[in-house]
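With the hints as constraints, model all of the structure from the sequences given.
Position 40 (the sequence shown) corresponds to 40 in my numbering; numbering is contiguous.
One or more of the hints may lead you astray.
Calculated lysine-lysine pairs in the DSS-like style (CA-CA distance at most 27 Å, straight line) [claimed, not checked]:
#, residue 1, residue 2
1, K130, K47
2, K101, K121
3, K183, K78
4, K56, K43
5, K240, K319
6, K319, K78
Everything labelled a hint here was simulated from the structure, so no lab data went into it.
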Amino acid sequence: MFKSKKVKVLLALLLVFVMFAAVGCGGKQEAPKEEPKKEEVKKWPEKDITLIYHSKAGSGGDMFLRALAKALEPGFGKSVIVDNKPGAAGATAWKAALDAKDGHTFLGVSSTLITAPIMNKMDVDYKSFKPIAMMFVDPMILFVRSDSPWATWEDFVKDAQANPGKFNIAGGIPGELGFVAAKLLQEKADININVVPFEGGADATVAVLGGHVDGAIGEYGEAVAQLDAGELKALIAFNKVSGVDIPTVEDKGYNFLVEKFRGVVAHPDTPDAVVDQWEAACKAALEDPGFKQYYTNLKLNVVFKNKADFVKVMEEQDKQIRAFMK
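Written out as structure tokens, the structure is:
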């Protein structure tokens, strides 16, 4: 009987041990719960990527994003599609990017993301997005037809001062940096010209060639083919044009610069790991032969800024535009 009790006690102890072991094993099996999340980040992108932009096809920003998209595709392993959404001085595109919460829609941006919200009192601005990277400063120029009566900037100023309000210059719509540049130039050079709003630089170039306006303020890249062909000539640049001898506003003694940045931002809910992946991809794209040919031909100034430094650029430009508006 004593032996029987001893056996029962041993069996009970063994059962308790087995139960604890089972609980311990169960706890170990539940530990790696975070693995699916890690796997999700690793396999991004899961589908094609969309890059939204605020102006129509043929604009400087459109050309930038199409060239960038081609350079990004091999690394991402997916198609990168540019989606043009012009309208409302940029707000149409920006709101579309904020509404897209699929994790695969991003936004190409320029300095218009700074100027338009301030000048048009919008409820969306650069702080609405997560910065990824700034890549270029786009040279801006005032150009005219090659057969115009002005051989130099001084010729134009002299004629404009003698004939206030006579000459029509195509510029950006209110909120575009081209519009700001035109206003600053009139103030500093003491001239009175009519600024005719155009939504895209390509349309402004056509208007100059057709004689519908006397000149235009736009990005060098939007008129590079006609400049190279001798159909147009640049009178002055608002910032340095890489490798091209065009006098700048600073050269002429005007104390201002207009620098139009180009970059990419993300939806505010985008995971940091995806933003970092994008930032690295944008930096690597600068070494892509096709992309390098694009920005070399268009004389873009390569000024790469990571996400942290890109924020600083936008903050500084925001201050400058607000000061201009006072």
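Hint by hint, where does the structure go against what was stated? Just the numbers, ascending.
Hints 3, 4 and 6 not satisfied by this model.
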